[in-house]
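2 protein chains.
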Amino acid sequence: MLKEIFEHRSIRKYLDKAIPKEVMDEVLQAAIRASNTGNMQIYSIIVTSEKSLKQALAPAHFNQAMLSEAPTILTFCADFNRFQKWCDLRNANYAYDNILAFITASVDAIIAAQNACVEARHHGLGICYLGTALYNPDKIISVLNLPKGVVPVTAITIGYPAENPPLTDRLPSEAVVHYETYKDFSEEDINRIYSEKEEREDSKQFIKENNKETLAQVFTDIRYKKSDFEHFSKILIDTLKNQGFLK
Amino acid sequence: MLKEIFEHRSIRKYLDKAIPKEVMDEVLQAAIRASNTGNMQIYSIIVTSEKSLKQALAPAHFNQAMLSEAPTILTFCADFNRFQKWCDLRNANYAYDNILAFITASVDAIIAAQNACVEARHHGLGICYLGTALYNPDKIISVLNLPKGVVPVTAITIGYPAENPPLTDRLPSEAVVHYETYKDFSEEDINRIYSEKEEREDSKQFIKENNKETLAQVFTDIRYKKSDFEHFSKILIDTLKNQGFLK
Numbered sequence: 002m003l004k005e006i007f008e009h010r011s012i013r014k015y016l017d018k019a020i021p022k023e024v025m026d027e028v029l030q031a032a033i034r035a036s037n038t039g040n041m042q043i044y045s046i047i048v049t050s051e052k053s054l055k056q057a058l059a060p061a062h063f064n065q066a067m068l069s070e071a072p073t074i075l076t077f078c079a080d081f082n083r084f085q086k087w088c089d090l091r092n093a094n095y096a097y098d099n100i101l102a103f104i105t106a107s108v109d110a111i112i113a114a115q116n117a118c119v120e121a122r123h124h125g126l127g128i129c130y131l132g133t134a135l136y137n138p139d140k141i142i143s144v145l146n147l148p149k150g151v152v153p154v155t156a157i158t159i160g161y162p163a164e165n166p167p168l169t170d171r172l173p174s175e176a177v178v179h180y181e182t183y184k185d186f187s188e189e190d191i192n193r194i195y196s197e198k199e200e201r202e203d204s205k206q207f208i209k210e211n212n213k214e215t216l217a218q219v220f221t222d223i224r225y226k227k228s229d230f231e232h233f234s235k236i237l238i239d240t241l242k243n244q245g246f247l248k
Numbered sequence: 002m003l004k005e006i007f008e009h010r011s012i013r014k015y016l017d018k019a020i021p022k023e024v025m026d027e028v029l030q031a032a033i034r035a036s037n038t039g040n041m042q043i044y045s046i047i048v049t050s051e052k053s054l055k056q057a058l059a060p061a062h063f064n065q066a067m068l069s070e071a072p073t074i075l076t077f078c079a080d081f082n083r084f085q086k087w088c089d090l091r092n093a094n095y096a097y098d099n100i101l102a103f104i105t106a107s108v109d110a111i112i113a114a115q116n117a118c119v120e121a122r123h124h125g126l127g128i129c130y131l132g133t134a135l136y137n138p139d140k141i142i143s144v145l146n147l148p149k150g151v152v153p154v155t156a157i158t159i160g161y162p163a164e165n166p167p168l169t170d171r172l173p174s175e176a177v178v179h180y181e182t183y184k185d186f187s188e189e190d191i192n193r194i195y196s197e198k199e200e201r202e203d204s205k206q207f208i209k210e211n212n213k214e215t216l217a218q219v220f221t222d223i224r225y226k227k228s229d230f231e232h233f234s235k236i237l238i239d240t241l242k243n244q245g246f247l248k
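Chains as they are written, first to last, in my numbering: chain A, 2 to 248; chain B, 2 to 248.
There may be inaccurate statements among the hints.
Claimed, not checked - To give a feel for the contact side, a few chain A residues facing chain B, derived at Cβ under 10 Å:
1. 26
2. 29
3. 37
4. 45
5. 48
6. 88
7. 120
8. 225
Simulated from the structure, these hints should not be mistaken for laboratory data. Quick caveat: nothing in here was measured; it's all calculated off a predicted structure. Virtual Cβ for every residue (Gly too), placed ideally from N, Cα, C.
Based on the provided sequences and hints, a complete structural model is requested.
Laid out in structure tokens, this is it:
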């Protein structure tokens, strides 16, 4: 069992300490060694450490404090721009202006991101994923000057940890692992799978603090709201159109 | 530098040897420890080892030989089905029938997949990603009985290696790494970045074998064709509609 994987926890507080270039280079090389589609390497990584740029990125990530605290933000992008420029110069005709191209390039970007995260932990660094990259891709595109063909799909803060939080809980493996084919869930299955999570003291605290009846309502009414998902889906669709992945 | 990352190569030939349950369990646990969105764990992993099911999956992956040779195929899915069933039973109203929900769940699935791959290598196992999961999601949904809310986003073959291929080449890091903001590429940049790849003997061989003028044309005319990307994008869009992620 690789401790870099099994001891991972998201780090949201960082020491005021830059990442040495040789360490960052190994983290980036780990990303670059990742499996990718046909070895086209249809992704890019933006390494942002300048204070003013981190500040400019912060609103896209809802101004979470770790955006300014972390020495560096890595933004991982689906990227057909470079590949298409190469094709243009080599008399090659392509059609990567579609959803398959976008998702394929996104898979490349995320595999690379996770390699970087595992390697980062190997060097004593902490990371936290910023799922918000998908909420405000338009803002990130503007700050990072991403050309057509490039869409941010995830980002991480990275730096030396100033906290050591406990491992977070997980549902029992029967919640995510299916053998041979998918076994759908009965009401009884759902009750069993979620019982431990629902019985946790911190879950009860969340429900109380937020004046909700159930833990699921904390997710649907506060954290991952209907109105937000609908609003940010529209932005994502517009972004995919603007960046040339949807018509 | 983690050797599990830096020594990784895709394995397409496997020994006829099952993966012991305790080893597979650690690989799956590595996936489950992965960072995920709000700890909702909106992904699932289908572990397929039965011969008849692997054969049924093979056409979806264009009948590549490794589909039957590998002892097991893992299919990683974006999955809002379980979470939504929980919400339904807990009086919680959601809106995860949109593109943001799909991509968010896909990111979870792929981070989990890469953790499984790195842990697999730690146990001496080999893997190969099957990008084809995105080409024929409808076929995979049918074979694996995936309900609404579940879409396969990637798959891997996994087993003990029967080959030891060399590391594949990569473009120089300036091709994928941008400092601070994105620096777009000039014609000179593209020529420099791709020169080593274009000068490789195996690249020249690909061009010759396929009767093409340039290496880029091998990609656009043979491997990642316009007609295929357009055709399979339509299937992907239809699948997202059928599975409840697009209207």
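*Looking back at the numbered hints, which does the structure fail to meet, lowest number first?*
none
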